[in-house]
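Trainee: Sequence:
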Amino acid sequence: MDEQTITEILDQLRDSELRTYEVSKEDFLEFRKVLIKRDDFKHFRGIAQQGGSVIYEYLQEARS
Numbered sequence: 001m002d003e004q005t006i007t008e009i010l011d012q013l014r015d016s017e018l019r020t021y022e023v024s025k026e027d028f029l030e031f032r033k034v035l036i037k038r039d040d041f042k043h044f045r046g047i048a049q050q051g052g053s054v055i056y057e058y059l060q061e062a063r064s
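Just so it is clear: in the sequence shown, position 63 is 63 by the numbering used here, and no numbers are missing.
Please keep in mind that the hints were generated in silico from the structure rather than gathered at the bench. Any given hint could be a false lead.
Unchecked claim - Listed next, with one range per pair, are the computed distances between beta-carbon atoms:
{"hint": "1", "residue 1": "Gln12", "residue 2": "Ile36", "range": "23 to 31 Å"}
{"hint": "2", "residue 1": "Glu26", "residue 2": "Gln60", "range": "25 to 33 Å"}
{"hint": "3", "residue 1": "Glu61", "residue 2": "Asp2", "range": "24 to 32 Å"}
{"hint": "4", "residue 1": "Glu26", "residue 2": "Ser64", "range": "15 to 23 Å"}
{"hint": "5", "residue 1": "Glu26", "residue 2": "Glu61", "range": "25 to 33 Å"}
Where a beta carbon is used, it is the ideal one built from N, C-alpha and C, also for glycine.
Use the sequences and the hints to build the structure in full.
Mentor: What follows is the structure in structure tokens.
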């Protein structure tokens, strides 16, 4: 998964085009590296799943 694809997915979550997105264990580190650079980083919530994948969703109010 490349940075451009990850950015598009994060933008789709932000714009409510996607409600959630599941990131595989293999793609997690690359995905997170792009995510933490964003200004709206605290609006994303990742929910760990059994087996190592993470489901991300966008929150209207930033996490504290």
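Trainee: If I claimed the Cβ atoms of Glu26 and Glu61 lie 25 to 33 Å apart, would that claim hold in this structure?
Mentor: holds, 31 Å
Trainee: Could one say that the CB atoms of Gln12 and Ile36 fall in the range 23 to 31 Å?
Mentor: Distance hint for Gln12, Ile36 is violated at roughly 18 Å.
Trainee: Range hint 25 to 33 Å: satisfied by the CB atoms of Glu26 and Gln60?
Mentor: Given a distance of about 30 Å, which is inside 25 to 33 Å, the answer is holds.
Trainee: Could one say that the CB atoms of Glu26 and Ser64 fall in the range 15 to 23 Å?
Mentor: violated, 30 Å
Trainee: Can you tell me whether the CB distance of Glu61 to Asp2 sits inside 24 to 32 Å?
Mentor: Cβ of Glu61 to Cβ of Asp2: about 30 Å, so the range 24 to 32 Å holds.
In summary, the numbered hints that this structure violates are 1, 4.
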